[in-house]
Structures are given as structure tokens and as C-alpha cells.
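Protein chains: 2
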Amino acid sequence: MPKYLLKYPCLCLMALFMVMNKVQADNGYKLWLEYHKVSNRQLAGVYRQQLQYMVFPASSNPLKAAKAEFLMGLDGMLSVKPTEVTNIVSGQTIVVGTPKSLNALPISFPDSIGNEGYLIKTIFINKKQCTLITANTDVGVLYGVFNFLKLIQTNQTISKLSVADHPRLMYRVLDHWDNLNRTVERGYAGSSIWNWHKLPDIVDQRYIDYARANASVGINGAVVNNVNADALVLSPQYLLKVQALANVFRTYGIRIYLSIKFSSPVELGGLKTADPLEPEVKKWWAGKADEIYNYIPDFGGFLVKANSEGQPGPQSYGRTHADGANMLADALAPHHGIVMWRAFVYDNKVPDDRFKQAYNEFKPFDGKFKDNVIVQVKNGPIDFQPREPFHPLFGAMPNTPLMMEFQLTQEYLGFSTHLVYEAPLFAECLQADSYRYGKGSTVSRVIKGDFNKKLITGMAGVANIGADLNWCGHPFAQANWYAFGRMAWNPDQSPAEIAADWLGMTFTNDESFVSPVKKIMLQSRENTVNYMTPLGLHHIMGVSTHYGPGPWVDNAGRPDWNATYYHRADSAGIGFDRTAAGSNALSQYAPEVKADWGNMKSCPDEYLLWFHHLSWGYKMRSGRTLWDELVWRYYTGAESVKQMGLTWNKLQGKIDPERFAEVKQLMQLQFKEAVTWRDACVLYFQSFSRMPIAAGSPKPEHLLDYYKKLKFYYVPGIGGNNYMTN
Amino acid sequence: MPKYLLKYPCLCLMALFMVMNKVQADNGYKLWLEYHKVSNRQLAGVYRQQLQYMVFPASSNPLKAAKAEFLMGLDGMLSVKPTEVTNIVSGQTIVVGTPKSLNALPISFPDSIGNEGYLIKTIFINKKQCTLITANTDVGVLYGVFNFLKLIQTNQTISKLSVADHPRLMYRVLDHWDNLNRTVERGYAGSSIWNWHKLPDIVDQRYIDYARANASVGINGAVVNNVNADALVLSPQYLLKVQALANVFRTYGIRIYLSIKFSSPVELGGLKTADPLEPEVKKWWAGKADEIYNYIPDFGGFLVKANSEGQPGPQSYGRTHADGANMLADALAPHHGIVMWRAFVYDNKVPDDRFKQAYNEFKPFDGKFKDNVIVQVKNGPIDFQPREPFHPLFGAMPNTPLMMEFQLTQEYLGFSTHLVYEAPLFAECLQADSYRYGKGSTVSRVIKGDFNKKLITGMAGVANIGADLNWCGHPFAQANWYAFGRMAWNPDQSPAEIAADWLGMTFTNDESFVSPVKKIMLQSRENTVNYMTPLGLHHIMGVSTHYGPGPWVDNAGRPDWNATYYHRADSAGIGFDRTAAGSNALSQYAPEVKADWGNMKSCPDEYLLWFHHLSWGYKMRSGRTLWDELVWRYYTGAESVKQMGLTWNKLQGKIDPERFAEVKQLMQLQFKEAVTWRDACVLYFQSFSRMPIAAGSPKPEHLLDYYKKLKFYYVPGIGGNNYMTN
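In the order they appear, the protein sequences are chains A and B. According to the numbering used here, the residues represented by the first sequence are 149 to 874, in order. According to the numbering used here, the residues represented by the second sequence are 149 to 874, in order.
Mixed in with the good hints, there may be bad ones.
[Stated by the list, open to error] One side of the interface only, derived from the structure: several residues of chain A facing chain B at Cβ under 7 Å:
#, residue
1, L328
2, N329
3, I350
4, Q353
5, A615
6, E806
7, Q813
8, L817
9, P864
[What the hints assert, rightly or not] In the SDA-like style, the derived pairs of lysine to any residue whose C-alpha atoms are separated by at most 20 Å in a straight line are:
#, chain 1, residue 1, chain 2, residue 2
10, B, K215, A, P805
11, B, K518, B, A544
12, B, K178, A, Y177
Rather than coming from a laboratory, the hints here were simulated on the basis of the structure. Even for Gly, the Cβ is constructed at its ideal location relative to N, Cα and C.
Bound conformation, chain A alone:
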């Protein structure tokens, strides 16, 4: 240690105070890469013992990034800097690299490791024990380093390690709905992190930290602009800006993608048409692709929202989704780019049931898409509701790659104000059984390509990231970014384990904090379903803003934007009959699923009103009537938010005061809004049921009319200048 420390022992005290001071203040910017000091001194000592030396030659950018991260992490957590050596010092050395960077290794890799997997292994090299982090590729090593650091972040042993892991999906992509004016559609964490005006000249440190965070969970792609795309993004002026971002991302194994406007050949290219079968249109796109790859050799490809919500598409020219997607696929194929073609479509003429639209439009094209097209399907058939049944397309297109689209930003889950941990929602969909290939053909296995190895695979998450200091608005919203990455890497991971890891890395490993807060996280999504849309209710939020309750909405732009279209409440009962007697949407599922959900007796309470119109007096499994059960769920949902807050308040002092106070305030606001949801919905549905709120439950504070008249101005997420009201 430096001499002056002995000469000025007080310096130790100084330094330590400073550490404590620094550790206390935390605005959440560092996400789960806080690299907190390991508080267990004995454990820290053991770690340090094993990390005194390193063999870590780094010439490529990814290896340099891995090495920098490795040193930053160890410095932060253990305040050690391993001495660089060329020969292993037994028991005290860590060896990091590829067979190439390490000039051959005396070990063989399991084939499964592939291009992105890694090994972390305690082995003997020339009879000397060391910890080895290795992979076939530099990016694999980067992933290995992040996962090694995670072991220390979560205070696990690094002795006798034998970890081998690899991603189960090929394309693990964040979709940013960011506009070029820096507003973010359905974004609740401030403006876009992409400063297009200052790009390409100014490369914000934030871009690097964004890439680090993604790489730490294995996210390997980013679509940087809104699916409601601006043709301008394909202009040379903007491609230079995109290139600057791509140059940052590349180091971290992330490929950049763009959302494109299907009519770009007209708007940008000055052509008379964007008809995908027109030779001049094909030529324009091929030329544009060549141009893009000139700027960005590893460009990922296009994300396309076509013929949906007013966006142009092949149907505007009498062509099919396959025609449009394949034309773009041909333009990208020579450069190994892909087309992510969204299945979120509904016709401009209102269908009998919006639920059925995507299936009806895409099922006929199974097998008709080029190999580098992947159809991006939302987890559910409507639109990212608090709870949806899995999308009927999963399993229904055996010869078409389907990419899962989850929404991380909480458009329908309380914006960045409500604590909703989404991993249980993801898992519920991924583990649902489509029965399309017999029992056990889960959605997870479908998107992993278990039933058709030829297909490319992927998962997309609509980002919840903005320019807020803490990136996601709500400190706990960071967990959804983190969990998405973890589950895109391996869709079958447990939400509980992911939550525990995230809490340890983000806040503390103190069990007296982790254990109760993990419980809160795991219960949070069900709470929100209960106070917003229990028993299978869906799409009853405020119109346009999607903020707050709006079960009374019946005058939206089109019938299937109305809440009344979905809940169908009347004096007789409530719910959308999607059995054969109704819209028959259930026929889009495998017979086993149809039979299970189509029978009101076997249909789980959670999905009941998705598929059945039931009388208010209908007897539920609980023994309660449907009305009483509905009311009970709304009250339970709000009550559980209150309890969550009480639990949190007991944890003061266990984490930094800033984030503790922020979450405390947020939970109070969440409770306020949960009560509004509860009271507005119960009062509204009561106007049909004419039945009383069970005795003992507090009466709503206001009359229904009060909630209907609530106005909200400048609600975030609907464009910077909008002045929408509920």
C-alpha cells in the first residue's frame, strides 16, 4: 500500500468517510452495474485471494471493453487490481480470453457454446489452478466477464466453478419507440436518450453505458427509432448519426436496426409508388440497403409496422404482407440482414373481433416468408394488456419464425409510477402450452424453434428507457429491462431468481431487504391486474393517453378502440363471448386450449371474461358471485399496493436514502391511482349489475361522474406537443 498511508493514517479514515459518503448518494444511473463494495469482509478477502493475478490479453475492442469492465467491477467491489502476468500463479490467477487471444487452450468447448456462449471454469493449466473465463468469440468472453462479475455482485463463491451457458434465442432486441424529435411514444422516463441533433459528432457517455448494460444481460440488438417511422431516418444525414451509434454498440456485441416507413421510396426516393412488386421499388430498397451497409457493415436489418394504425404497407398497393416482407428481405439478404415484420395489424375496416385479426392475416402465409424474415408477434392478441392469453399465432405457423414481442414500457401498467415486475407476465406467456405439437409444446419452445430447427429465433422488448437520471423513471422499472435481457437469453429462467439477482446487484445483498422486496416484485403484476383488469377484463383504460381507468369509453375513433367493445357489460352480465356462440376467436387455438378456455367451468378465472359473457350472479370457484368476485379483486388489488408500501417503509436505512425516498413516494402515488382505478371501475360496472359493494369494503370517495370527468393534460408518451385529455 502507498507509503503515505502509513505516514498519514488519518488518510484511511478520510478515504473511508468519502466512500461512505459516495455510497450513500445514489440516483440509480448505474443500473445493476453499481459494483457495490462487498460488505462481507471475510468473503471479500477470499475473493481477493483468488484475484491477485490475471492473464487477460486484450487487443480487440470487445476484449478491451471486457477487460475495462472487469477491472472497474473488481475495483468497485473489492478494490483490487489483479497484477497482469503471463504465467499462472496457482490458485491466485484468473485467465480470460478466447483460444485465439490466449494462443490456444488445453480445453475443449461443448458445441452448444456457439458464437455467444461462454465457459467459466476452475481448471488446472500446466498443473496450476486458475479460474478461466473463455469463449469462442470476443463477445462471448465479454458475456462471460459480466457473468463472472455477477457472481461477486451477488456474493456467490468463485471457487470450483463450472459454468457453461449460451443464449437460447438468436436475436435479443430492444425496440425503442423513439421519435427523431426526442419524444418517445409510450415513453415515461423523459425524452429519448438519442440526441439526434448532436449526433454524429457528440458520442454521449450514456450511449456507452447503455451498451454496457445491454451486454451485461446478453441483449445483442437495438432498434433505435419508433415503429411509426419517419422516412428521414434513411437519409444520408441521419444514417451518419445511426453509424455513430452503431460504432459504440459494435464493441458490446450489439447490432443496430432501424424501423422503416414502407412508403420511403416515395417520400425519400421520389418514386411514384412503394409497391413492393415494382422493379424500381425493389431497386430503390436494394440500393438503400447497400448504402446502409456502407456506413454500418454489421447493420442488423429492418423492423416494419405495415398496414397497421394508419401506417402504409404492401396492402396499400394490393400486395400481401409476404410480398412486402420478402421484397425487403431480398434487399438485406446479401448483407445478412433480417426483416422483423410485425404481426400487430388490424384492418381499417373493423373486424368482427380484433382478437382474430393477426391470425387471420398471417396464418395463410405460413412458409411463404423468406428465410431472413421473422414475424414479430405480441405476447397477446390485443395489445400488451395487464393480462392476455398467449397469442394464437404461437404454434400455428410451423414453417415461419415467430419473434416474441413484449412491452417493457408500462403503457398499460401504470406508466413509470407503478411498481410492476414484468418477468411473471413474460413467464406466464412463455410457459403457456399451445398444444400445437402435443402436450408441452409451450410458447417458449415454439419461439426457441424446438419444433423447426431451420428457423431463426428471437425476442423483442419495447424499451422503457429514457433520459431520466435513472433511465426508466421508476427505480424498479430497471428490473424489467434487466429481466427482459435475462429471459431473451434463456426464456425458461425463473422470475424469482432474476429478481433476486437484480436486487442484489442494484441495491444490496442484505437478505432482510432482498427477501421482502422480492416478494413485493413477484406479487406486483398480479396486484395491478386486480386493480385494473381482473378476471380477464381488458382494454378499459383511458382513450389515447391510456392513462387511468376508462371503462365508459364508447366514442373512440373506431368501435374496437372503445372499452365497451371489450367488456360488453350490460344488465345481464359482462365479458366478451369468444366461443363458437360468439366471435369464435377460440377456434384459432389448438383443440385442447379451445376446449379448456371455451368451457366456462374449466376456463381459469384469470381468462374468464376474455372468452365468456357471464351473468353478474354467476357462481365463481370461490363461491362468490361474479359481481362479488369482481369487486373483491378490485379491492384486493388496491389493498395489496397499500401493504406493499407498508413493507417498503420498514426497510428505511437498508439502502441509499435517495432511492428509498423515491420509491416510497411512488408507492403512495401508486396506491392513490389504484384506488382511482378500483372506485371508477366498480362504480361503472355497478351501474349495470345494480348489485351492492360487499359490506365492510370502504365506499368509493366520489360518484361515478367525478371519475368520468377527470381530465389529464400533457400525459407523457403521446408525443411532445400533444394536449390530450382522458
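Once you've looked at the hints, dock chain B against the given chain A.
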């Protein structure tokens, strides 16, 4: 020191590494309140010696805030926490408080201290030596504490102190041009820091840090919404949000103000008119004022932009500015609120010379405004140009309080991309001699009320603050926020001293960094004048966006929005003749000023083309022709930016890598944009002068047409959704 430090000496090393690690990473969020560790160990020892004990009773919020800041600062800089005592330990104790909080003090204050001044004094109390920080009020103590911390931040002695200071202006206010949708008009540092959607429930830590930063430089007011105001801000729903901010600000001695829309009685109140002489209108405003003060007992008052750029005002009803201002003043007077009435007006019918409009409209009303009205006048007659002569109203209204309005956000100074330290611009205006009360009646003395003690006084700065991590976009833009506070406190302070303080507090006290960078700062504004608008050119920027050069603009909404209106370049020469032979705007100044500037021989080069139309061949003081001088200035301006960048690059390693790298990139971009300004303007004016660019100067890279055709999309500062082009 804690025992375990002796038992585990390695911990010292640990802690120290961590400090080094933390100190290295810096995103600029902490502004000039970094509280860096004092690197000079000997000096630190001396400081610590004198700060071992403290007498600091704190019961009120401002005193609690002062104490928390005091402890945070000492912990960060010295890692000491003075032991709280009730009796002074001689030579080692600091005593902080008011006579009241300290139960009487054996010293008397100079009267000048007033309600916001403070004393920092090394004195003997009962024969015991101590350092005393005291004031008449709690906020005065807070200011004293910040200034004591500044002594340590800038490594000055705290022995034998005798500091007495007080603000020279009463109202020291930041004007935020922030819209309720979180866009910021002419804002270049991201979106608004006010999260109106989450307010009042969520009180962001950022609001507290904002208030701390303001208090540290004595800013005591904030107008939180855009002068192009939205009537909605006066609705109960929004007043609750404003109240939440006011509750934060109050602790730090900051009063909150609102920009109001003059037509609010119609839009919000449902009245048929907003005529200020209508009894029902007076009644509405009086009632609204009562309502506001119900929420915010110390509400500051209203800022009003009336009958300007399409905003409604008293003239819309055939009334005068005085009618409008006085009506609002009457509503606020019972609550001790003030009206800040902006003089930035120009008629909807185009005046002969926009320069003269404010003077013509306001001069006649001298003495006609109520005592709680202050007229807010921009530093120059046009609009925050890189250089303007001082506004002719200063000194011309002996019986009317005039509040200086400076613009911190760099609408015309390169956005948040160009390093422009504005204190020299402020000083140039403040030290200008109006001669209205004889020689030496500077603008500074006018706004300080030296010539009419009855008047209230103030200074406003249009904020350059946004949600960017570093608050102001450019790390050096923070210096303009800081300098504004310092000069609002005392308009006669030296820009050089302020720059040195800011550099020491923000980056380091290392002279090898401070000295060259201070030079850069002090020269920066002149550089920008040279590459944008040398020799008195003004208003030749891109239309609407105000981004980049646009000397050719001749098709704007109205003649006096055109660049050609201002530079009047033709084959004969260039410049706006404002002598008696021209618009005679000079007649609005005192005879001495008129004589000096009106004579092209005595008129300083800096103002020449503001007042004279001169031939291209006109011989300048330098001996060059006007054309050659103009070209020389443009080239000198761009060259000096290049030199600035070379100087900066030599400073690598002296500060944190993040901010070093960011500024390095910014300087490269500034140079690029400076060259664009230079080449576009030189080529454009050459099309009139038909004279050559002096030999040796590099030729412009492109032809004039190239620069005219440049298009910029989604330029920041013109509203979130705008898609303006140059």
C-alpha cells in the same frame, strides 16, 4: 478511527482505491458543488484543525439545509465531521447561526447585511477564538455557509477571516421557458426538469439539487414556466403541482413565480373579456391571486409577456402596458407579490426600426407603474444577439424600476455545443455608461437603483437548464448559470474571478488547468462574435430554428425577422444606418452616447454596423478595408476555436476522463460549425462586395449555394414536435 481499520490495514487501501475510482467518473451532475477532496494534504490538515468542533443549532428548514450542506461539503472535501459542542473550543470551533438561533451574539452587524447578507468572521467569544458564520436571517446563514464552503473549495485560507457580503439586487430570478409538455423553448439541454405529470406526488431529488445550486450563488427566485404561457398553469390542478415545487424552494430561500397568459380570465375563467379595466377581470385576477397565495404563502408573483409575438395583452383591448401591469399589481399587492412586465415588444404592424420599439412603447409610461411592478428589459434592443449595444431604456426611465434580462440559454450563441462564457457579455452591458445621470451612470448603477433608491431592483436570466445529466448540455454552460447568480448578487464582480472560482469548484484547483482554461473562457464570447456576427452585424442566423448562419434570409414571416433587414448589405456596402440620416434609433440614447456611436470615427468597431452603413472599402482603425476586416474577423474567430481545442487537448489527465472527452468532442464540433458560419457569411457578403478573400486564408470548402441549401431537421428548442428546417 474505527478499530477495524487498525486490524485490517488493507481496508485503507480498499477505501482509497474506491475513492480514486469514484473521483474519476464524473458526469457533471453535481455542478460546482462537487466538493472534491482537498488534494493538498497540508492545507487539508490546517482546515481540519480549525473544524474539529461546531456550534450549529438548527431548527428551521433553511438552517437544517445549511447544516446538511455544511456537513456534506466538509465530508467530501476533508472527510471530517465536526463534533457538535455547546461551548467553544478555542481555535478549533466554527459557530454558525443567527443571533436568534445562537441565543444572542456579542457582535453587531453592519446595516448593509440586511435580510440576505452574511458575515464570516474570525472572532473571540468569551476570549475563545472561533470562526463565525452569521446573518440576520436563516437564509442569510445558508448563503454564508455556501460561501464558507467555497473558500475551502477554492483552497483559500479560513484563518483570520472577515467577510461581509450582501446582494446588491433584490430579485435574482431564473426564467425557465419550460412548457407544460416538458419541451423547453430555446432549450438545448434535454427536456424540462419539471415533471408536471408526476407532480405534486413525486418530488424529484433533482428539484432539491436545483434549489441547492441556486442558493449557493444567491438566486432567490424561479419562474418555472414559459413566457409564452399556458393558461392551464393557473388551474387548481396545476397550482397543486406548483405548490410542491414551492415547498422545496422555500427551504433554500427561493420564491416561485409563474408566467401568466394575459387572456387567462377568458380561457380559464370563462369571462368574455380580459380587458384590464373591466371590473370582472380585476375581480378574477384578485381572486386568482388569493387562491395562489392560499397554496403558496410566499409566492413571488407574475412574469408577463404581453402584446409581443402574438401573445395577448392589454393592447388587445385598447389599453396600455401600464393598465395591464397595474391591474395585475393590484391583485398581487395585498400578498406582497410583484409583476415582472417584459419590455420585449414589437408591434404587429412593422415599425420603421424594431430597435426603437420597446423604448417608444415604454418611455412614455415612466413613473406610471405601481410600486410592485418592475419592467424587465433585455440587455440589448433586438434579441440576445452575440453582441448588442445596451438597451436604450436603461437610464431613460428614472422613475421606473428596470430589471435586467440576460439569456443564459445559448439561443444565438451555438446552443449547448459552443463553449461561450457569458460573464464578459453581462459585464460589457452592465459597465456600459448610459450617461443619463452624468458620466459613470452605468447600466449596473441604473439597475441597482443608485439613482432612485425608491425603486425595487432585480436581474433575470433565461435558464439554460434541462434534464440532461449535466443540467446544461455543455459542461461549460454550467458556468453561465453560476456566473449569472454571482453577477445578480453583485453586478460589478469580475468575470475572471468568477471563472476561476467556478473552475476550481467544478473541476480542479490545479493552476496548470485553471490558468489556460480561464483564458479560454474569457476569450470564448469574442471568438463567437467573430465567427458569427463581427463588427456589429446582428440577426443573421437561420430563420425560426436560429441554428447556423442565414444572412440570406429574406422571406421570414415579417420584414423585421429577415437577416437582410438587419445587415442591409448591397453592392455599396453593409450595415444599418441608425443615425439621424437613417432610422435615428441613436436618438434614444443620451447625447454623449449618441455622439460617440453616431460618429463612425469614434464608434467602436464592435458596434460599427449596428449604427452605420459603410462602404466595403471603408478604412478601419486597423488600416484594413471594411471588407478585409470583416473577412479577417470571421477567419480569426474560427481559428481561435481551433486554438482553444488544441489547448484543451493538452490538458488530458488533469480532470476526469468523461468530461474531458465530452468537451474535446464539443470543441471539434464547435470548430466545424464556426467554419460553416465563417464560410457561409463570407461567401454571402462577397456576393455584394465582389472583393477577394485575403491571400493566405483557406478558401471556403463549398459554394454559397451549398450553405443556403443545408437543411436541419428537428432542431432542438422549437417545441417537441416541430419539424422546422433552416
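Right, here's what the structure says about each hint:
no.: 1; hint: L328; verdict: 5 Å, holds
no.: 2; hint: N329; verdict: 4 Å, holds
no.: 3; hint: I350; verdict: 5 Å, holds
no.: 4; hint: Q353; verdict: 5 Å, holds
no.: 5; hint: A615; verdict: 5 Å, holds
no.: 6; hint: E806; verdict: 5 Å, holds
no.: 7; hint: Q813; verdict: 5 Å, holds
no.: 8; hint: L817; verdict: 4 Å, holds
no.: 9; hint: P864; verdict: 5 Å, holds
no.: 10; hint: B/K215 x A/P805; verdict: 18 Å, holds
no.: 11; hint: B/K518 x B/A544; verdict: 18 Å, holds
no.: 12; hint: B/K178 x A/Y177; verdict: 13 Å, holds
When each numbered hint is compared with the structure, no violation occurs for any of them.
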